[in-house]
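S.K.: Sequence:
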Amino acid sequence: MMIEASLSADDVTRAQRSRRWDLMFPVEVEARFEADTGNRHLHALRIVMLRTVVIYNLFLVGDYLLAGDAFSLALVLHVALVTPWILIAMALIRRPVGPTARNLLISSIPLTMTAGVLAVFSVSRDPLVAHYQYFAVICVMLGNVVLRPAFSYAVVQSVVAVAAHVAICLWHPLMPSAVGVMAAFGFVVCAGMTLLAGYSIERDMRRAYLMRLKDQLAQRHLQKMATELELMSHVDPLTGLANRRGVDSRVAALLEHGGAGRGFVVLMIDVDHFKLFNDQYGHLQGDRCLTLVAKAVASAVREGTDIIGRFGGEEFIAILPEASIEAGLRVAERMRRALERMAVPHAGSPFGLVTMSIGIGAGETGDPAHLGAAIDSADAALYAAKAAGRNRVQGSPAAPTDGRPAKPADGGDFHRAA
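Residue numbers (our numbering): 1 to 418.
These are computed hints drawn from the structure, not numbers from a lab. Hints are supplied without guarantee of correctness; some may be wrong.
Unchecked claim - Derived lysine-lysine pairs resembling DSSO-like cross-links, with alpha carbons at most 30 Å apart:
hint	residue 1	residue 2
1	K214	K224
2	K295	K224
3	K295	K386
Go ahead and model the full structure; you've got the sequences and the hints to work with.
M.R.: In structure tokens, the structure reads:
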């Protein structure tokens, strides 16, 4: 995903060093954190909400014993307001929701419960009602420690609950001033301690997440490096073609999965008089020459189907699956002509240009020995092309051409000098 692709270990390190009061990460890391964890625990949260409904309605026992004169109000609030709202919140988070909506829904539950408790407390004139307000403490504990919205939302819900509780305790006619002050003080302490507990839980959870994320990114980086090294070990760094190991790997896959009895053609390609070129023009020009040869070879084959590579030094190889000798001859001639058209000067060559000689062999899939035989045939044909004057394409003696010059599609002669 895009969020994942844009994150780096440095982003995670910056998040680990962040000291925001609300525990939020920098934007990119917070987005990844939300994507990974935001909706993961919704099922568990719905179970907690269901249990909250049961526990909250057990408060009716306290309503009856401590605020009997307002029991009818308590019953209405329980049945018609708070319980339905908790069930609605459960339904709303059955599917993934955004972080703001999720945290607002979670925070609304303890606030709604606290409002119900304080409403009954403010109306009741029962002699024991002073003890009833402690149910609000349970609501705050539930919100900050059990339901646990994001810390910033927990702070807001706690401040709202504390303000309402303190105001009603100090206003209630049956609460002596000293009792009201102590009740309010106890509520503030409880809210503060549960906030601290919730803060510690969320901080530790976020730190653990960053450690896991950093490990994941490091592991993926190592996997990427291993993949790149594996690819590099199969690629010739000068020409960009497969090296001998890369050719072996692709050929092994061809022999394993290509089916039995399917023909293939091997082209062995050698740059004519390359040692003289290197001695005369230097190794830098020699390297440039090899890259041009590689381009000429690559321009003539089927991309993604044919296998081409640098076999060593100035020698290249091409393997054409499901191709005939005639097709191989045409491909080889395209390679030879492509290099001629590049017109790379070569004073040490009788043609005045860099040229190539190509030998062709053929085999069938199904038996690994056929590959070795085809390479040997192509190698023998290459030596024959060299002996015949270079800058030419030569089929193996076993080819249908019987060693005679083959005719390309346009009727030209493969044995063509510059």
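S.K.: State the violated hints by number, sorted upward, taking the hints as numbered earlier in the document.
M.R.: none
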